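Q: Produce the entire structure from the sequences given, and follow the hints as far as they go.
Residue numbers (the UniProt record's numbering), protein chains in the order written: chain C, 1 to 100; chain X, 1 to 657; chain S, 1 to 204; chain W, 1 to 320.
It is possible that some hints are incorrect.
Claimed, not checked - For lysine to any residue, the following SDA-like pairs were computed, each having C-alpha atoms within a straight-line distance of at most 25 Å: (1) W/K71 / X/L362; (2) S/K17 / C/W94; (3) W/K129 / X/L137; (4) X/K369 / W/S125; (5) C/K71 / X/L218; (6) W/K44 / W/S125; (7) X/K39 / X/G18; (8) S/K165 / S/N93; (9) C/K71 / X/Q564; (10) C/K71 / C/F60; (11) S/K91 / C/G76; (12) C/K71 / X/L137; (13) X/K568 / W/D80; (14) X/K367 / W/S125.
Just so you know, the hints here were simulated from the structure itself, not pulled from any lab data.
Note that the structure is predicted; figures quoted are calculated from it, not measured.
Each chain is listed here by its residues.
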Amino acid sequence: MEQKTEKHSHFPWSHVLGFLLSIALTFLAVWVGLYTNLSIQTIVALVFLLAFIQAAIQLFMFMHISEGEHKLWQIGKMIASGLIAIIIVVGSVWVLTSMH
Amino acid sequence: MFDFIKEHLILDDPLILGANISIALTTIGILFVLTYFKKWKWLWTEWITTVDHKRIGIMYILAALLMFFRGGVDALLMRAQLTVPNNDFLSSHHYNEIFTTHGTIMILFMAMPFLLGLMNFAVPLQIGARDVAFPFLNNLSFWSFFSGAILFNISFVFGGSPDAGWTNYAPLAIEGSPGPGINYYLLGLQVSGIGTLLTGINFVVTIIKMRAPGMTLLRMPMFTWTTLITSFIIVFAFPILTVTLALMTFDRLFGTHFFTLTDGGNPMLWSNMFWMWGHPEVYIVVLPAFGIFSEIIATFARKTLFGYKTMIVSLVVISFLSFIVWVHHFFTMGGSAAVNNIFSITTMAIAIPTGIKLFNWLGTLYKSKIEFTTPMLWSLAFIPTFVIGGVTGVMLGMAAADFQYHNSYFLVAHFHYTLIAGVAFACFAGLIYWYPKMVGYKMNERIGKWAFWLFTIGFNVCFLPQFILGFDGMPRRVYTYAPEDGWTGLNVASSVGAAAMGLGFVVFVYNIYYSHRYAIRETEGDVWDGRTLEWATTTSIPPHYNFAKIPHVQNIDTFWDMKQRAKKQTKKGQKEEGNYEPIHMPSNTGTAPVMCAFFFVAGFALVFELWWMAILGAVGILCCMLVRSVRSFEEDKGYYVSVEEITEAEQPFHKEG
Amino acid sequence: MAQVSNAGEENVPLEYKSGIGRLNIFGFWIFLGAEVALFATIFSAYFVLEGGTAGGPLPSDLFDLNNTIAMTLILLTSSFTCGLAIHEMRKGNRKGMLIWLLVTLLFGGGFLYMEVMEFIHLVHEGATIGTNAYWSSFYVLTGTHGLHVTLGIGWMILIIAEVMKRGLTPHTAKKVFVSSLYWHFLDFVWIFVFTSVYLLGMVK
Amino acid sequence: MFKNRKAWLIVISSLISLVIITVLGVRSDLIVLDPKGPVGEIQKDLIIFSLYFMLAIVVIIFAVFTFVIIKYRNRKNFNDRDYDPNLHGSTKLEIIWTLIPLLIVIALSIPNAKALYDLKEAPKSTAHKEPIVIHATAVDWKWIFSYPEEEIETINYVNVPENHPVLFKITAADSMASFWVPQIGGQVYGMPGMVNELYLQADEVGTYEGRNSNFTGEGMAHQQFDFVALNEEEYSSWVEETKETAPKLTEETYQKLMLPDTAEQTTFSSTHLEFVDHGLNSTYALKVRADHGLIEEPIEDREEGSHENEHSNHGSHAHH
Ligand code: HEA
Ligand code: HEA
Ligand SMILES: [Cu+2]
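A: Dropping the structure here:
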């Protein structure tokens, strides 16, 4: 079990960085969505990309997902969750909009 | 209040009136016996509040057997109605309620708890653990399953059963079924679903974190593997069910518009969400069954499992594929050719990993030394019968052909061939196999074989003709048909088969009684010459702490391996004397059963929209949660089993050894 | 359970010190996986029913950019302060941890307050849970998230009380850590609520 | 009991008689396997094609299974040379039994995909003929057929000319139903607020059984109709005659049909499409029932006017 926490016990660099990044990403998403003239598909793709990056920041910088004796299981579990989530959402929309 | 009861108690139907009376009498009888023999305290401290995974497992199995009976009686009633054309034994309304409760009960309150019971009983033993990771949650899981099951079952005498099929499709279940029946369905499943989800989490953590030293992932018994993968599927699939049920509950109680015909709701969304859970669900029940068969076949073939690693790979592949095939349940809904095509392919792809498993079982039998014990008979019968179920599944998976099979008896035959040959056979096999561990003696083999042959032959006589009925255009869920349809002969055959199955079940249950009276009690732990750790306990019924000393694992089939090595060293094996250390165990919980009683209250209240009672139930639940978290302030650390007690409990070993 | 032995190494954070602590934290990750599936299902309902706005006001007319950005920033900040609390905890600074937890709670309360105000406003504008499929799914999605926040607040209060009473032990540290995971997860979900409901709701 | 031969005899003879019962049960005229039109034909061919594969698989597995359990059963003179308790796998075999099913799945997928696309279009053999359009609407528990061109509406039976493609536009007024004429072709769902298209064609004059096969409540078992294929002249004269003699369909009569009940075969010389299209309006039947006091809560008419709602069809319900 390796814990890398004690290394940065003086100043919470990773937290501050994560926080700033999150704020930046949020505003970036707002800007892409509301203040550009991209096509709607591009906007949807971009803002979701940004959302996923931000979610990853939460997981790694705030939630310490890569800690604990079973970190690989944890990370694997969350990746699988993400995959299932995408299947559920994209699958449902695809299937139900294909009905006439 | 009295009026409320009078209004909803079903008294106008002789069948149900009879059931009412017999339920009332049985309840009074049980209460009387408990009081007379002063068993209340025993019941409470030894069973209701227990956190011992073995006892929880046994309670699951008892409940499942009871539900098998209920679902089975439903089935027999349906078969009685369908035996001849234009029969008026059951009205359409009754028939509809009965097939709905039959399907729901068999899958959710029979198959699931039966398998969860076997997992609970066997898995911690197989991995050499003292209990599951979260014993409190385990008790909570059982009771929430149980209160959900009871809630669902009382519908039949109080207020009316759900009648929209176990799939409960909208709009029929919203605009077309005003009574409380559908609410019972929604809330009964909701409450028991919570229990299942918690069990899933519990087993993932148990298996990943609590294995005995040396038991690497690739040394885990196959049943443990299937439990692990099943638990992962549960963790991903049951939340979908939770949401789906909740949304329809909102539609029915709070006027939302998810699945309604009015105001933009989309009834097809229900089918979509239901099957996103529903398809993984059928693999949730069949994968542990595969695990059970793997254990039993390896044990009685006296041979190690063939292709252990590919078995695992195929498990993982199946579990992933199970999430991307759901549309095959509604190919006929009018999706585009592209959608149907993709989902046809993913569906048929499941045949590949399943085929690998099947051939590996055959490989296990190759160059083996088969002993035809009853658990082995059930497991062997599974192989050819399940193949029929599986390949017909692949036929259904071809969307263009499914337009002809859908909603026909071909489908009914398919899923009984998978559910019964896959799941019910595994339940019987697993129960007989682990029975000596549970109670200390084997079930009678001779009676067991009668039950086996009656049930399996009856099963084929019942469901094989149904494939043909499907080709002859007989739709499912019809309460009657006309003589001109030409379906009479095969229906008669089918009903005869069902009767034989019923008889087989009765013989099976009788065997429980018979063996209780007459079976020879076992004196040591290894009654079948087993291969995995559950057989390594010194006594035939493991003590509540399972292992006095946690075993060290060096191989797959650990216990077999240990025995082989012991044989080589000395004839008797080394005697491990004393040197016990006190064992830490969790204490019992009264909070969970009480909390689940409140679940029941809240669920019942919502069924009838009794808001005050619902609030009462909710407050009760919250209080229990609060009590629980305040209790854990005290760092409830359980208790220690003393060395003397352990030495005492491990006695038989010394006598024998 | 007992057989999960204590890892005695010095630099192991408190919450991982006890066997039960490690079990609970790992179990909580598994639970979060289930939560992801739960929210994904609600999202799928939301996306499928997105067009069902007949007979009610349109979301793009009712959503207010400043309000949502404010809510998002509040929740983001609370996630940050919650992280700081864990940071302090790992330094063994009980007081610092408690302060940051309280700050987190304050932000959480603020978020809830804004959400409730928003709901009231929407209801006034004629968008109730029964208006149409769109608004039903809107309220269930944001409401489920809000309910989680409420539970999170209640839970954290209990844990703060416990830490005040018994100090930082492996037992309490584990609880703080698990509740922080929960809190970050709420922010995790909110990112997607913000993106798909509010932001895209205003784009369309 | 089960140790001796006699028991095995009983078991085996019952299994054999089971097979005999089943084989006898297979009459040659199982309707799904005896199609009378090109659509059913495509599906039958696919079914038979897959059936060969499945039978082969079943036979192989049964054979191997029987062989191993007889050869390797533990018995008095068991030959221990046949026993290899540590045989734990064979990469070669495992690859083989992964690849063969894979090939079978591919072999099944291709004709299936082709059939799926073919079924979305009018039958090829009669591609030169303009399909007749018939709307099929399921109402608890009856089928309503509307011929918009011919201005005819029939209840519980539908007349079509033989050898002529028919485009059914399938929808429902209340529950989700499934339109199925097994001998002519496979089914598709009808759903309120949505229209599914299904091409069918009968190649032989005759009356075929059609029904709703999806569960819709109490009367579902009786929700049947006659699918009648006439030759072209008979069909035209039926159209002519009906137009002249059949009564017009009033909205009042139609609303009676919206109540959940079975119905007699009836004919009208105008269609309900004049006042409602269930493919666009999913609440018509509910409103009628609310007016008759059959549903507790009335279906509200919104201020904006119910017609607007109906036509602002949201994505998935879009009408083609
Ligand atoms: C335990 C339960 C269980 C299991 C294991 C399965 C397994 C499978 N099922 Fe089944 N199914 C149900 C329970 C189950 N099913 C239920 C309950 C329903 C109906 C619900 C309802 O509507 O009420 C249903 C309905 C159902 C449908 C919907 C039909 C319809 O409504 O029109 C379909 C369609 O594709 C389907 C397909 C399959 C397939 C492809 C498999 C595959 O997993 C089978 C794989 C196995 C094999 C194929 C055999 C072994 C393999 C080999 C020997 C290798 C060689 C074989 C080939 C290459 C073909 N099932
Ligand atoms: C694990 C699941 C499981 C199991 C084990 C069974 C077991 C049986 N099932 Fe069923 N079945 C389903 C799951 C299951 N089923 C599902 C999901 C459906 C779909 C429901 C729906 O459409 O919504 C279904 C539907 C279904 C139908 C179709 C109904 C219809 O569409 O109209 C039929 C018809 O024959 C049937 C028959 C049987 C029979 C005869 C048994 C037999 O195995 C039962 C054996 C009998 C017993 C175990 C009873 C023993 C008791 C006695 C002998 C006591 C007798 C005493 C008295 C009568 C007082 N089942
Ligand atoms: Cu399926």
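Q: Are the Cα positions of S/K91 and C/G76 separated by 25 Å at most?
A: violated, 29 Å
Q: Taken at face value, is the distance from the CA of X/L362 to the CA of W/K71 at most 25 Å?
A: holds, 13 Å
Q: When you check the alpha-carbon spacing of X/K568 and W/D80, does it fall within 25 Å?
A: holds, 19 Å
Q: Are X/K39 and X/G18 close enough, with their CA atoms no more than 25 Å apart?
A: violated, 29 Å
Q: Between W/K129 and X/L137, does the CA-CA distance stay at or below 25 Å?
A: violated, 68 Å
Q: Does C/K71 pair with C/F60 here, judged by a C-alpha cut-off of 25 Å?
A: Given that 25 Å is the threshold and the Cα spacing comes to 11 Å, the pair holds.
Q: Measure nothing beyond the straight line between the CA atoms of W/K44 and W/S125; if it is 25 Å or shorter, mark the hint as holding.
A: Distance of about 17 Å is within 25 Å: holds.
Q: Holds or violated: C/K71 and X/L137, Cα atoms, limit 25 Å.
A: OK: C/K71 and X/L137 at ~23 Å, within 25 Å.
Q: Holds or violated: S/K165 with S/N93, Cα cutoff 25 Å?
A: holds, 15 Å
Q: Is the straight-line distance between the alpha-carbon of X/K367 and that of W/S125 25 Å or less?
A: violated, 56 Å
Q: Holds or violated: X/K369 and W/S125, Cα atoms, limit 25 Å.
A: Roughly 60 Å separates the two Cα atoms, so the pair is violated.
Q: Is the straight-line distance between the alpha-carbon of C/K71 and that of X/Q564 25 Å or less?
A: violated, 37 Å
Comparing the model with each numbered hint stated earlier shows that hints 2, 3, 4, 7, 9, 11, 14 do not hold.
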